[in-house]
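Let chain A serve as the given structure and place chain B on it in line with the hints.
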Amino acid sequence: MKKTLIFPLSGLIILGVCAFFFLDPSQEKEKVELSLPEVLFETSGFYDQEILNDKELDDFFIVNFFASWCKPCLAEHPLLMELHANGVKIVGINFRDDEDNFVEWINKHGNPFFHIIRDDGTIAYEMGLIGVPETYFINNLRVVKKIQGPLFYEDIEEYL
Amino acid sequence: MKILKSIYKLIFFISVIFLSTAAISSENQLNDYYKTIRCLVCDGQSIQESDTEFAINLKEQIKKKYDNGITLKEINKELVSIYGEKISFTPSKNHIFLWMCPVIILIIFIFFIRRKYKYR
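Residue numbers (the working numbering), protein chains in the order written: chain A, 1 to 160; chain B, 1 to 120.
Next up, chain A with everything else stripped away, as it sits in the complex (with noise of 0.2 Å):
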């Protein structure tokens, strides 16, 4: 009978041994750690030239990807416009879209934007984006929170 019960008991602490050295506790605890790239702050401004670094921003502000073919920017625009009439900054980025087109939007829906980077896509992939519309609330050059979809009151109601 004891002789039986060696070989399961010899795989057990194997078992356990294996456990030991492979799974790592801390492992499963990582989360995508979301930091703002480097190129947000250096690529140029549209309306103006001016980058991001230069601007005096807010240690609370918004970022938030939008594009002129993307129909649910366009259910969550005023949601940003009444942000902005509440003085929070919005920094905009235009995800590839068409210049003549993006300017167009912008006349006809208004511009709630405090700084708009129109980009190629090198930002929304250093950001990890997925989607457009997308929004990322910013504190002391933290993502503290991150909206896939487009914005609804409750996520706003807070910052208003």
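By construction, these hints were calculated from the structure, which means they are not laboratory data. Even glycine gets a Cβ: it sits at the ideal position worked out from N, Cα and C. Treat the hints with care, as some may be off.
Stated by the list, open to error - Restraint ranges, calculated between C-beta atoms of paired labels, are given here:
| hint | chain 1 | residue 1 | chain 2 | residue 2 | range |
| --- | --- | --- | --- | --- | --- |
| 1 | B | T52 | A | N53 | 24 to 34 Å |
| 2 | B | F112 | A | F20 | 16 to 26 Å |
| 3 | B | S88 | A | E154 | 44 to 54 Å |
| 4 | A | L141 | B | L106 | 26 to 36 Å |
| 5 | B | S20 | A | C18 | 44 to 54 Å |
| 6 | B | G84 | A | N53 | 22 to 32 Å |
| 7 | A | F60 | B | F18 | 55 to 65 Å |
| 8 | B | G84 | A | N139 | 17 to 27 Å |
| 9 | B | A23 | A | I14 | 41 to 51 Å |
| 10 | B | S20 | A | P78 | 52 to 62 Å |
Here is chain B on its own, set in the frame of chain A:
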């Protein structure tokens, strides 16, 4: 003189073939790499098959980096650090224990059962 000409011709053809295969192989390498990257907006597809804005942009960015001389390994590392491990279809070696677990358990069971039959 004739021989020299033909040798030149031969060298020309060989170099053309060599260059074209080199170009094709780098293209293939990229295409094969695209197949290992998951498109995050379209479930179950790789970015190689997908035509979404996300996939197109990712392919462009990867190609740009690849053409700048960054190796696919480094690009993969960067992608995982940006999007997390879900972006890749090929799991990292950190999970080798997880993959080997059923095999180890199976071996233990076979051992156990074999001993049982031996004693009968």
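Verification of the hints:
| no. | hint | result |
| --- | --- | --- |
| 1 | B:T52 to A:N53: 24 to 34 Å | holds (32 Å) |
| 2 | B:F112 to A:F20: 16 to 26 Å | holds (23 Å) |
| 3 | B:S88 to A:E154: 44 to 54 Å | violated (34 Å) |
| 4 | A:L141 to B:L106: 26 to 36 Å | violated (51 Å) |
| 5 | B:S20 to A:C18: 44 to 54 Å | holds (49 Å) |
| 6 | B:G84 to A:N53: 22 to 32 Å | holds (28 Å) |
| 7 | A:F60 to B:F18: 55 to 65 Å | holds (58 Å) |
| 8 | B:G84 to A:N139: 17 to 27 Å | holds (22 Å) |
| 9 | B:A23 to A:I14: 41 to 51 Å | holds (50 Å) |
| 10 | B:S20 to A:P78: 52 to 62 Å | holds (55 Å) |
Violation of the numbered hints given earlier is confined to hints 3, 4; the remaining hints are satisfied by the structure.
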